[in-house]
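Top to bottom, those sequences are chains P and U.
Following my numbering, the numbering of the first sequence begins with 26 at its first residue and continues without gaps.
Following my numbering, the numbering of the second sequence begins with 315 at its first residue and continues without gaps.
To be clear, the hints were calculated from the coordinates, so they are not data collected in a lab.
Just so you know, nobody snuck in bad clues.
Calculated Cβ distances over 12 Å to all of chain P for the following chain U residues: (1) Asn410; (2) Leu411; (3) Leu412; (4) Arg413.
Partial selection, computed: residues in chain P whose CB lies under 10 Å from chain U: (5) Phe31; (6) Val32; (7) Met90; (8) Val96; (9) Ile130; (10) Leu161; (11) Asp164; (12) Thr172; (13) Ala183.
Part of the chain U face toward chain P, derived, beta carbon under 10 Å: (14) Ala323; (15) Leu328; (16) Thr330; (17) Gly332; (18) Arg339; (19) Asn341; (20) Asn357; (21) Thr362; (22) Ala365; (23) Tyr366; (24) Ala381; (25) Val382; (26) Ala383; (27) Leu391; (28) Phe398.
Glycine is no exception: its CB is placed at the ideal position from the N, C-alpha and C atoms.
Residue-level listing of the chains:
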Amino acid sequence: MDIYAFVLLAVLAIASALGMILNKNTINSALLLVVNMVSIAGIYLLLQAQFLALIQILVYAGAIMVLFLFVIMLLNVDEEQSLLDGFRVKYFLAFLLGVIIFGQILYSLGGVTDMLPEISPEMITVGTVEAVGDVLYTDFLYAFELTAILLTAAVVGALMIAQYKVKDSEGTE
Amino acid sequence: MIGIDWYLALSAILFTIGIIGVLIRRNAIVIFMCVELMLNAVNLSLLTFSAYHGDISGQILVFFSLAVAAAEAVVGLAIIISIFRNNLSVDITKVNLLRW
Numbered sequence: 026m027d028i029y030a031f032v033l034l035a036v037l038a039i040a041s042a043l044g045m046i047l048n049k050n051t052i053n054s055a056l057l058l059v060v061n062m063v064s065i066a067g068i069y070l071l072l073q074a075q076f077l078a079l080i081q082i083l084v085y086a087g088a089i090m091v092l093f094l095f096v097i098m099l100l101n102v103d104e105e106q107s108l109l110d111g112f113r114v115k116y117f118l119a120f121l122l123g124v125i126i127f128g129q130i131l132y133s134l135g136g137v138t139d140m141l142p143e144i145s146p147e148m149i150t151v152g153t154v155e156a157v158g159d160v161l162y163t164d165f166l167y168a169f170e171l172t173a174i175l176l177t178a179a180v181v182g183a184l185m186i187a188q189y190k191v192k193d194s195e196g197t198e
Numbered sequence: 315m316i317g318i319d320w321y322l323a324l325s326a327i328l329f330t331i332g333i334i335g336v337l338i339r340r341n342a343i344v345i346f347m348c349v350e351l352m353l354n355a356v357n358l359s360l361l362t363f364s365a366y367h368g369d370i371s372g373q374i375l376v377f378f379s380l381a382v383a384a385a386e387a388v389v390g391l392a393i394i395i396s397i398f399r400n401n402l403s404v405d406i407t408k409v410n411l412l413r414w
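One chain only, chain U, in its complex shape:
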């Protein structure tokens, strides 16, 4: 049987890859996919703790997290479409309307 720390280490690695992706990419869609990756990593650690405690509540939380992630994806992609319509690019360095 695999120990719990392997699952948590995998979750930490995926979360870190997501953070680095958010920081180094400039394409808004890829940044958004990295956010999804980080959500997945957190879901994995929640599910690990749920499994190792034999408690169903963690799985329910992951279920709601999935629903919120779906809503977030819909709204975020709508915002990306809106940004693209305004300046014909999804490069976030070109979105500088509120930057001083």
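For reference, chain P alone in the conformation it holds in the complex:
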């Protein structure tokens, strides 16, 4: 049962990722990325991380992708370059670099694959909301508060960068 769910979700994730980078329409790319995020959330569920699967759907597939779609529609960038014109050498080099990096990761993976442990049985209780919150508000409390500061700084910075400064006819602010 597990293996069928994993294969389904993995194929869905890889196919939607490939569709994302090969699609000409930016909005289609964003929607395919949503499919990718949701299938990765399903894989999180297979790994017994219920809380993070929920957060993945809420934050990534919900908030961040809505922000992306909002910006895409705000900028109205639907005139897309045709993907496969021009620099053939560039695409070849890009695929070559990708294959090299993939081979490197798989090679380093293959070296340790016999030593890796099986899924641990206490994982049933480790990934729940209760367990995550328990550790988050005791051991990692300072990091959690720093995250709040980081998010505030990011919002203020985004406002500073993106706000439209209206200049009057004299050229002053």
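Go by the hints and put chain U onto chain P.
Frame of chain P, contents of chain U only:
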């Protein structure tokens, strides 16, 4: 039960697709989405190791990584809007102010 290497292989494949996407696309928004894809791939491998060790710390790291990804998305999209306002395009080959 599925072995740990399947999850790590999936993570590696998604990361590679993200790299290739960053290299071949010219639309800044799509490049940004590919960066999100790579972040997701790394999160998946962190979560895999967390699950197979029975250790919660990996999940906490993924949680913070999600928060940083949200902040990064906000600032990055603001930069993209700013770029679009300056030269009416999100094609990164047209952003050549610092190129010599």
